[in-house]
Amino acid sequence: MYINYRHLDRVLNLIHRLDIERINSHLPAEYKTLREIVSSNPPSVKARDGSDIIIDREDLNFLSEVLPSDLHEKLRLPLVFVRRMDLGVGIYELVGGVVEAYTVLRIMGENISIDKVSLPLRIYKPHMFKLKMAIPSCVIISFGEGFSSSTEDDVRL
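Numbering (the working numbering), first residue to last: 108 to 264.
Mixed in with the good hints, there may be bad ones.
Restraint ranges, calculated between C-beta atoms of paired labels, are given here [what the hints assert, rightly or not]: (1) Asn148 with Glu172: 17 to 25 Å; (2) Met240 with Glu143: 35 to 43 Å; (3) Lys237 with Arg113: 42 to 50 Å; (4) Glu172 with Asn120: 31 to 39 Å; (5) Pro227 with Glu172: 38 to 46 Å; (6) Arg113 with Glu217: 25 to 33 Å.
Think about it this way: if two alpha-carbon atoms lie no more than 27 Å apart in a straight line, the pair counts; the simulated DSSO-like pairs of lysine-lysine are [what the hints assert, rightly or not]: (7) Lys237 with Lys139; (8) Lys153 with Lys237; (9) Lys181 with Lys237; (10) Lys181 with Lys239.
Hints listed in this document are in silico derivations from the structure and should not be mistaken for laboratory results. Note that beta-carbon positions come from the ideal geometry of N, C-alpha and C, so glycine has one too.
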C-alpha cells in the first residue's frame, strides 16, 4: 500500500494549526495602550472570538503607578505570553516590545533602565505566578510555537 507522506504531513500540520487557533481564540484581536484603555468604559479589548477581554481598573492603576507617565501611551495591553514548551517546562515568552518587557521587569522588582532591556523576554513559572498575582486581568497565556516577538505583527499561534 502506497502512502503519500507529504500529503499526510500537510493534513496533520493543518489540523495542528487549526487546533492551536481554536485553543487561542481567547487571545486579543486588538491591543490598546494603557492610556487608551484607562479612558475607555468598560476598560476592555476585543478577543479573536469576538468576546470582550475586561481589564480590571485596579490592575490599570497599578500599571500607571509602576510606569513613568510618558510610557502610558506606549504600553500595549493585554500582555501576552506564549508557553514555550519547546524550550522546557514552565517557560513563557513575552509577545511584545521593549516597553512591555520593561513593564514586566519593573513588576518583577527589577530596577532597570528601559534602554538596557533585551528581547525576547522569557520568564519562568514562579515569575508568571507573581505577574498573575499583581495584574491578573492584564496577562494572557497562549499556546503555540514560533512567533514574532513584536506586537506590530500578528501573533502567529
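Against the structure, test the hints numbered earlier, and report the numbers of the ones violated in rising order.
2, 4, 5 and 6
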